[in-house]
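Positions 89 to 523 (our numbering) are the ones given, in order, by the sequence shown.
Note that these hints are calculated values from the structure, not bench results. Incorrect hints may have been included.
Stated by the list, open to error - With a straight-line Cα cutoff of 20 angstroms, these simulated PhoX-like cross-link-like pairs (lysine-lysine) come out:
#  : residue 1 : residue 2
1  : 167       : 263
2  : 198       : 182
3  : 358       : 263
4  : 485       : 462
5  : 315       : 304
6  : 304       : 369
7  : 301       : 369
8  : 167       : 182
9  : 358       : 369
10 : 91        : 185
11 : 263       : 296
12 : 305       : 369
13 : 137       : 91
14 : 91        : 187
15 : 187       : 137
16 : 369       : 382
17 : 296       : 358
Stated by the list, open to error - What follows is a list of derived Cβ distance ranges for each label pair:
#  : residue 1 : residue 2 : range
18 : 486       : 438       : 31 to 37 angstroms
19 : 366       : 523       : 43 to 49 angstroms
20 : 522       : 199       : 44 to 50 angstroms
21 : 120       : 160       : 26 to 32 angstroms
22 : 231       : 190       : 27 to 33 angstroms
23 : 473       : 207       : 43 to 49 angstroms
24 : 403       : 470       : 48 to 54 angstroms
25 : 114       : 505       : 31 to 37 angstroms
26 : 190       : 339       : 42 to 48 angstroms
27 : 408       : 454       : 22 to 28 angstroms
28 : 465       : 430       : 48 to 54 angstroms
29 : 447       : 470       : 26 to 32 angstroms
30 : 309       : 510       : 41 to 47 angstroms
All figures in this text were calculated on a predicted structure; none of them were measured in a lab. Every residue, glycine too, gets a C-beta built ideally from N, C-alpha and C.
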Amino acid sequence: MVKAWWAEACKGSTMADVLVQHLVRWVENPDSFMYDGALHYYVQMMSRKAFQQLMGDFRRVGSQVVFANANRLILQTTKAEVGNAFAYSQYIIKSIKSKPLFHFIDLEIKEYWDFLAWYDEFNYGGKACQEVIEADEQRLETIMHWQMATFLPVRLQPAFQEWVIEFVQLMHSLKRPGNGGEDPGATLRLTQLPNRDTDGQPTAVLGKGGFEKRLKKAIAGLVQQQKRELLHPELAEDYSFPSLPGSHAQPRSPVLELVKSLMQVLSLDKNITLEARLLRKELLALFDVREFSKEGTFGNPSESLRLTQVSCDSCTMARDLDLCRDEDLQQGGGQGSGWRCTFCGSAYDRVAVEERLVATAQAWAVEWATQDLKCARCGALRVNDLMEHCTCSGEWKELVSRADVVGSMAVMRRVARFYGLRMLADVMEGMYAAL
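From just these sequences and the hints, can you work out the full model?
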């Protein structure tokens, strides 16, 4: 049936084109007359299998998948120059689209990365360009997108950006180590080791250009400045942490959080892991914090509340929404003005999203209330409600921890308050009090 619709749409039938475009939305919407749980599950499984096959095809043509979801794909190629990567990317797209399964897939290259520091889909930065030109020097832009920086005090956010940019500039300049004796057009190996001196020892990277020394001096200055300004109430407000829907930690020192975030970025390059650890240890010593202590360990400052495959009512484009981490959703002071489709710009239905969040919260509560108990010693499930202990004398414990459910509901309650979702806030207040 769907193949027949597609064939009619290719011949110019408007009605068949509408049926094909809105098929997925009708299948996944419980209010649709076409909705069926088994059919929805089948479509999801087929989509997942096709997506996995697409990733396998990319690997077979020599690329490594850095990140992939239904709307975004980042590949690492074996090409060192952007110009070579352009020709290679055109070959990849042509090779993928030549297969019948992916003949009608829409693949568009947004950026060519010459250097990329990748933490996750919300925290990355590097040197890239949107178009490849035939010139002696390809013009590259410095792109910074670090969501973790938004959890720092506003006063320290520029310092984070400046030092990360300087780190990116340093690592990008060392991408072609040694201008003598090496072919600038040669392809770098993925397993290429860092440069070594004549004694066979790895050369210092962070020490080049005085980066390490200047960073230590800057952090020491910020520590002293923080101590002075915290004594004045009007200046102490500059060091307050922002209240965001994903906030969950209670840090004690703003500059310490800056150091932990910076060192996490510097540690992304595996070739300088030892240098980054030594530098991190020295910087933590400024706060009398031990290297492996809980206080000195970096943790993602943002929780996550993800809604998968939210479809736009106008263009049917599906997108994953993370209400805690997507910065574009938080535009407009959390009043939902940023809840727009990235493809057509139409606004999402706030009521539908809120109802989906309420259903998710209720599913958490039902899962916790109707869960089985298992033995803490042998892991066997409790099959008789009259059994006070397991046959191995072990105690019964919950499959779903109450603390995990309460923590998830606390995140959803903060999201409801931040975005002004009153129905969700009322539901969460009642459920949170009951738990």
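Okay, the hints, checked on the actual structure:
Among the hinted pairs, residue 167 with residue 263 is consistent with the structure: their alpha-carbon atoms are about 12 angstroms apart, no more than 20 angstroms. Only pairs whose Cα atoms come within 20 angstroms are accepted, and residue 198 paired with residue 182 is accepted, the gap being roughly 16 angstroms. A C-alpha spacing of about 14 angstroms is found between residue 358 and residue 263, which places the hinted pair at or below 20 angstroms, so the restraint holds. Taking the CA atoms of residue 485 and residue 462, the gap is about 6 angstroms. The hint holds against a cut of 20 angstroms.
Restraint check: the Cα-Cα separation between residue 315 and residue 304 comes to about 17 angstroms, which is no more than 20 angstroms; the hinted pair holds. For the suggested pair residue 304 and residue 369, the alpha carbons sit about 11 angstroms apart, so the restraint of at most 20 angstroms is met. Annotation: proposed proximity of residue 301 to residue 369 holds, straight-line Cα distance about 14 angstroms (limit 20 angstroms). A threshold of 20 angstroms between alpha carbons decides the hint, and for residue 167 with residue 182 the separation of about 18 angstroms falls inside it, so the pair holds.
A threshold of 20 angstroms between alpha carbons decides the hint, and for residue 358 with residue 369 the separation of about 17 angstroms falls inside it, so the pair holds. Restraint check for residue 91 and residue 185: the C-alpha separation of about 18 angstroms stays at or below 20 angstroms, so the hint holds. At most 20 angstroms may separate the alpha-carbon atoms for a hinted pair to count; residue 263 and residue 296 meet this at roughly 14 angstroms. The hinted pair formed by residue 305 and residue 369 meets the criterion: a straight-line CA distance of about 15 angstroms does not exceed 20 angstroms.
With a C-alpha separation of about 18 angstroms, the suggested pair residue 137 and residue 91 falls inside the 20 angstroms cut-off, and the hint holds. Between residue 91 and residue 187 the alpha-carbon distance is near 17 angstroms, which keeps this suggested pair within the 20 angstroms criterion. Proposed proximity of residue 187 and residue 137 is supported: the alpha carbons are some 15 angstroms apart, at most 20 angstroms. At roughly 14 angstroms between alpha-carbon atoms, residue 369 and residue 382 fall within 20 angstroms of each other, so this suggested pair holds.
Straight-line distance between C-alpha atoms of residue 296 and residue 358 comes to about 17 angstroms, which keeps the hinted pair within the 20 angstroms bound. Checked against the given bound of 31 to 37 angstroms, the beta carbons of residue 486 and residue 438, roughly 34 angstroms apart, stay inside it. In this structure the hint that residue 366 and residue 523 lie 43 to 49 angstroms apart at CB holds, the actual value being about 45 angstroms. Look at residue 522 against residue 199: about 48 angstroms separates their beta carbons, and that is inside 44 to 50 angstroms.
The beta-carbon spacing between residue 120 and residue 160, approximately 27 angstroms, falls within the hinted interval of 26 to 32 angstroms. Taken as a hint, the range 27 to 33 angstroms holds for the pair residue 231 and residue 190, whose Cβ atoms sit roughly 28 angstroms apart. Range check, residue 473 to residue 207: about 47 angstroms between beta-carbon atoms, so the 43 to 49 angstroms window is met. As the Cβ distance of residue 403 to residue 470 is approximately 50 angstroms, the hint placing it in 48 to 54 angstroms holds.
Between residue 114 and residue 505 the CB atoms are about 34 angstroms apart, so this pair conforms to the stated range of 31 to 37 angstroms. Separation of residue 190 from residue 339 is about 46 angstroms and conforms to the stated range, judged on CB atoms against 42 to 48 angstroms. Remark: the range hint 22 to 28 angstroms for residue 408 to residue 454 is upheld by a beta-carbon distance near 24 angstroms. As the Cβ distance of residue 465 to residue 430 is approximately 50 angstroms, the hint placing it in 48 to 54 angstroms holds.
Range check, residue 447 to residue 470: about 28 angstroms between beta-carbon atoms, so the 26 to 32 angstroms window is met. For residue 309 and residue 510, the Cβ-Cβ distance of about 46 angstroms falls inside the hinted range of 41 to 47 angstroms, so the restraint holds.
Hint compliance for this structure: every hint is met.
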